[in-house]
Amino acid sequence: MKNFLFCTLFSVLLFSCKTETLHESEISITPETSLEEETLQLNNGNKWNVTENMIVFIRNMETAVNEFENSENTDYTLLA
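Basically the working numbering = 1-based index in the sequence shown + 170.
Calculated directly from the structure, the hints in this document are not laboratory data. Treat each hint with caution, since some may be false.
Ranges between beta-carbon positions, derived for each pair [stated by the list, open to error]:
#, residue 1, residue 2, range
1, Asn213, Thr233, 21 to 29 Å
2, Asn214, Thr247, 31 to 39 Å
3, Glu196, Asn216, 46 to 54 Å
4, Tyr246, Lys217, 54 to 62 Å
5, Pro201, Leu248, 33 to 41 Å
6, Leu248, Asn223, 20 to 28 Å
7, Pro201, Thr233, 34 to 42 Å
8, Asn219, Glu239, 24 to 32 Å
The C-beta atom is built at its ideal place from N, Cα and C for all residues, glycine as well.
Could you put the whole structure together from the sequences, leaning on the hints where they help?
Take a look at the structure:
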(Lines of atoms letter the chains of each structure in order from A; the text may use other names.)
(Lines give C-alpha, C1' and ligand atoms only; values in the text may rest on other atoms or scores of the structure.)
Protein backbone atom coordinates (compact mmCIF):
# COMPACT_ATOMS: atom_id res chain seq x y z
CA MET A 171 0.00 0.00 0.00
CA LYS A 172 2.83 2.41 0.84
CA ASN A 173 4.50 1.68 -2.48
CA PHE A 174 1.31 2.38 -4.37
CA LEU A 175 0.75 5.65 -2.53
CA PHE A 176 4.38 6.66 -3.04
CA CYS A 177 4.23 5.87 -6.77
CA THR A 178 0.98 7.77 -7.15
CA LEU A 179 2.25 10.86 -5.37
CA PHE A 180 5.53 10.73 -7.26
CA SER A 181 3.66 10.46 -10.58
CA VAL A 182 1.44 13.40 -9.72
CA LEU A 183 4.44 15.45 -8.70
CA LEU A 184 6.37 14.47 -11.82
CA PHE A 185 3.57 15.34 -14.22
CA SER A 186 2.62 18.55 -12.47
CA CYS A 187 6.16 19.94 -12.86
CA LYS A 188 6.14 20.24 -16.62
CA THR A 189 8.54 22.62 -18.27
CA GLU A 190 6.00 23.75 -20.82
CA THR A 191 5.25 27.41 -20.91
CA LEU A 192 1.83 28.73 -21.58
CA HIS A 193 1.41 30.63 -24.79
CA GLU A 194 0.38 34.15 -23.99
CA SER A 195 -1.92 35.83 -26.41
CA GLU A 196 -0.35 38.80 -28.06
CA ILE A 197 -2.15 42.06 -27.54
CA SER A 198 -1.72 44.60 -30.24
CA ILE A 199 -1.46 48.15 -29.00
CA THR A 200 -2.46 50.83 -31.41
CA PRO A 201 -1.52 54.41 -30.68
CA GLU A 202 -4.34 56.86 -30.44
CA THR A 203 -4.34 59.60 -32.99
CA SER A 204 -6.28 62.77 -32.93
CA LEU A 205 -7.70 64.04 -36.18
CA GLU A 206 -7.90 67.62 -35.10
CA GLU A 207 -5.29 69.41 -33.11
CA GLU A 208 -6.51 70.26 -29.66
CA THR A 209 -5.03 73.20 -27.83
CA LEU A 210 -5.45 74.06 -24.21
CA GLN A 211 -6.98 77.48 -23.81
CA LEU A 212 -7.73 78.78 -20.38
CA ASN A 213 -9.87 81.80 -19.67
CA ASN A 214 -10.08 82.68 -23.39
CA GLY A 215 -6.44 83.74 -23.54
CA ASN A 216 -6.71 86.18 -20.65
CA LYS A 217 -4.51 85.96 -17.58
CA TRP A 218 -5.93 84.28 -14.51
CA ASN A 219 -6.92 86.25 -11.48
CA VAL A 220 -4.74 85.13 -8.58
CA THR A 221 -5.77 85.57 -4.99
CA GLU A 222 -3.48 87.57 -2.75
CA ASN A 223 -2.57 84.65 -0.51
CA MET A 224 -1.31 82.61 -3.51
CA ILE A 225 0.95 85.35 -4.93
CA VAL A 226 3.61 84.63 -2.28
CA PHE A 227 3.83 80.94 -3.24
CA ILE A 228 3.92 81.68 -6.97
CA ARG A 229 6.73 84.21 -6.50
CA ASN A 230 8.67 81.68 -4.40
CA MET A 231 8.33 79.08 -7.17
CA GLU A 232 9.47 81.57 -9.80
CA THR A 233 12.50 82.49 -7.69
CA ALA A 234 13.40 78.82 -7.15
CA VAL A 235 13.18 78.05 -10.87
CA ASN A 236 15.24 81.10 -11.84
CA GLU A 237 17.93 80.27 -9.27
CA PHE A 238 18.05 76.67 -10.50
CA GLU A 239 18.38 77.75 -14.15
CA ASN A 240 21.30 80.03 -13.26
CA SER A 241 23.10 77.35 -11.23
CA GLU A 242 25.29 74.59 -12.67
CA ASN A 243 23.19 71.90 -11.03
CA THR A 244 21.31 69.55 -13.39
CA ASP A 245 19.59 67.39 -10.77
CA TYR A 246 15.95 68.37 -11.23
CA THR A 247 14.85 66.40 -8.18
CA LEU A 248 16.49 69.04 -6.00
CA LEU A 249 14.22 71.65 -7.54
CA ALA A 250 11.15 69.83 -6.28
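To see whether the hints hold, each was checked on the structure:
Distance hint check for Asn213 and Thr233: the Cβ-Cβ separation is about 25 Å, which falls inside the suggested range of 21 to 29 Å. A hinted range of 31 to 39 Å holds for the C-beta pair Asn214 and Thr247, which are about 36 Å apart. The hint said 46 to 54 Å for the Cβ distance between Glu196 and Asn216, and at roughly 50 Å that hint holds. For the pair Tyr246 and Lys217, the beta carbons lie near 27 Å from each other, so the given range of 54 to 62 Å is not met.
Distance hint check: the CB atoms of Pro201 and Leu248 are about 34 Å apart, consistent with the given range 33 to 41 Å. For the hinted restraint 20 to 28 Å between Leu248 and Asn223, the CB-CB distance of approximately 27 Å keeps it satisfied. At about 40 Å, the CB distance of Pro201 to Thr233 agrees with the hint of 34 to 42 Å. Remark: the range hint 24 to 32 Å for Asn219 to Glu239 is upheld by a beta-carbon distance near 27 Å.
In this structure, only the earlier hint numbered 4 is contradicted, and the remaining ones agree with it.
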